[in-house]
Amino acid sequence: MVTIDASFITAVQKLSTEPVKGCFYCQKCSVGCPTAYAMDLGPAQVIKMVQLGQKERVLKSSAIWLCVGCETCGARCPNGIRINNVMDTLKEMALEGQVAPAEKEVYALHRSFVESIRRFGRVHELSMMLEYKLRTPGKLLNDLAWNLQLFAKGKALHLWKKIRDLDRLKELFQRSGV
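Residue numbering for the sequence shown follows our numbering, beginning at 540 and increasing consecutively.
Everything labelled a hint here was simulated from the structure, so no lab data went into it.
Here are the simulated lysine-lysine pairs, DSS-like style, with alpha carbons at most 25 Å apart:
1. Lys672 <-> Lys701
2. Lys643 <-> Lys599
3. Lys630 <-> Lys553
4. Lys672 <-> Lys599
5. Lys587 <-> Lys567
6. Lys560 <-> Lys599
7. Lys678 <-> Lys599
8. Lys553 <-> Lys587
9. Lys553 <-> Lys599
10. Lys672 <-> Lys630
11. Lys678 <-> Lys643
12. Lys672 <-> Lys643
13. Lys630 <-> Lys599
14. Lys587 <-> Lys560
What follows is a list of derived Cβ distance ranges for each label pair:
15. Phe690 <-> Ala614: 36 to 44 Å
16. Leu683 <-> Ala545: 47 to 55 Å
17. Phe690 <-> Val541: 45 to 53 Å
18. Ala684 <-> Ala545: 47 to 55 Å
19. Ala550 <-> Glu664: 34 to 42 Å
20. Ala577 <-> Lys678: 15 to 23 Å
21. Ser601 <-> Ser666: 23 to 31 Å
22. Cys565 <-> Ile702: 39 to 47 Å
In this text, a Cβ means the ideal position worked out from N, Cα and C, and glycines have one as well.
The task is simple: from the sequences and hints, build the whole structure.
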């Protein structure tokens, strides 16, 4: 049985600032999406389900986690809906509603990326990947041979310095609640 939440579309529109009600399901977004082949729902289907109030199904879908934010969908949309903003909003809503990410590895990489920026003010690839590997059980040694080749060639040992005004960046993170 599908649960309908009539207030869902209003909440998504307000939080994303995108005119989701304006979608007439032309599917240009889905046709152009480079990751649609891997999604359980195409971008157009996600928007349609938001319009229909199918909150639970949308927040549990892999589609919201597999969106890479390339903005192809928004560029193709005749109604100017930037679906990337909607997908980001849906991810936030899922996390706030304590809905487990459908793509746990994608979420683990995202968290590792953000933590690297929080710590160094920029991405420090080595620490980010190590943190990602620790967040994904059973994956720690998967790329060991490949990584050893990078180390041998001096490609993976770039030790970044922290940015000059890291305290200001930390303040921005704190204000944003991330």
